Amino acid sequence: AQSVTQLDSHVSVSEGTPVLLRCNYSSSYSPSLFWYVQHPNKGLQLLLKYTSAATLVKGINGFEAEFKKSETSFHLTKPSAHMSDAAEYFCVVSDGLYTGGFKTIFGAGTRLFVKA
Amino acid sequence: SAVISQKPSRDICQRGTSLTIQCQVDSQVTMMFWYRQQPGQSLTLIATANQGSEATYESGFVIDKFPISRPNLTFSTLTVSNMSPEDSSIYLCSSRLAGGADTQYFGPGTRLTVL
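Residue numbers (the working numbering), protein chains in the order written: chain D, 109 to 224; chain U, -3 to 111.
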């Protein structure tokens, strides 16, 4: 069975400091993993995805995430936060590529606050 | 990637009425999904809509309450029937491109308020 846990419901950083949003997952198969961002009153935008290629994945807007199988983690990072990064972030796990079906699980979300 | 539009973007409805939400994708997609996002919550899958077959509903969601149509590979509708204030949520349409890639793309959502 799949599950995804976002370890922090809220994260607050100062502008210009690093961002770390933590995500742990469990899956019976080698999963595909995603991070999405949702700005207020907007839909979800794909930040990046991991699908069994390079373990360090680079996404849009300077975000990246590292897949660590031994730790079952897929944490999202950014070296320097910008005010425009303030949003809700969702970690997502899917095993559709391997099971022939499609099952996507969303984390509970992490709200990122960026202070000036 | 896929660009998804939804109509309406928001609505305020009276208890007991129904609202149909439209979802249009700019390319042909095999799978379309409808999600509900209640205030301050994550996304919950309502149903999966495949063209030419009945929608598949998740536990806790039924066709009488959330009828879905999928007439072709680029369009789907979700109806929220006999609405109550508990149905106030954001409803999001999502699609997965043909060819097996499992990346999902999302529409901007429909913000529904039921009085």
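Worth flagging that the hints you see were computed from the coordinates, not collected in a lab. Some clues are possibly wrong.
Ranges of calculated distance between the beta carbons of each label pair, as one might list FRET restraints [stated by the list, open to error]:
id	chain 1	residue 1	chain 2	residue 2	range
1	D	A224	U	S65	43 to 49 Å
2	U	P4	D	S188	23 to 29 Å
3	D	K223	U	P67	30 to 36 Å
4	U	P35	D	E174	28 to 34 Å
5	D	K166	U	D60	14 to 20 Å
6	U	S55	D	E174	31 to 37 Å
7	U	Q47	D	S138	26 to 32 Å
8	U	Q24	D	K223	43 to 49 Å
9	U	E54	D	A224	40 to 46 Å
10	D	G170	U	S(-3)	16 to 22 Å
11	U	T109	D	A216	21 to 27 Å
12	U	L111	D	M191	33 to 39 Å
13	U	F57	D	G170	36 to 42 Å
Computed from a predicted model, the values in this text were never measured in an experiment. Every residue gets a Cβ at the ideal spot worked out from N, C-alpha and C, and that includes glycine.
Verification of the hints:
Hint check: A224/D to S65/U, Cβ distance near 47 Å, so the stated range 43 to 49 Å holds. For the hinted restraint 23 to 29 Å between P4/U and S188/D, the CB-CB distance of approximately 38 Å leaves it violated. Our hint of 30 to 36 Å for K223/D and P67/U is violated, since their Cβ atoms are close to 49 Å apart. At about 32 Å, the CB distance of P35/U to E174/D agrees with the hint of 28 to 34 Å.
Evaluation of the 14 to 20 Å hint for K166/D and D60/U yields a failure: the beta carbon distance comes to about 46 Å. Between S55/U and E174/D the C-beta distance comes to about 34 Å, which sits within the given range of 31 to 37 Å. Distance hint check: the CB atoms of Q47/U and S138/D are about 29 Å apart, consistent with the given range 26 to 32 Å. Taking 43 to 49 Å as the suggested C-beta distance range, the pair Q24/U and K223/D conforms, at roughly 45 Å.
A hinted range of 40 to 46 Å holds for the C-beta pair E54/U and A224/D, which are about 41 Å apart. Between G170/D and S(-3)/U the beta carbon distance is about 19 Å. The supplied range of 16 to 22 Å therefore holds. Between T109/U and A216/D the beta carbon distance is about 23 Å. The supplied range of 21 to 27 Å therefore holds. Under the hint 33 to 39 Å, the C-beta atoms of L111/U and M191/D, about 35 Å apart, fit the expected range.
Under the hint 36 to 42 Å, the C-beta atoms of F57/U and G170/D, about 38 Å apart, fit the expected range.
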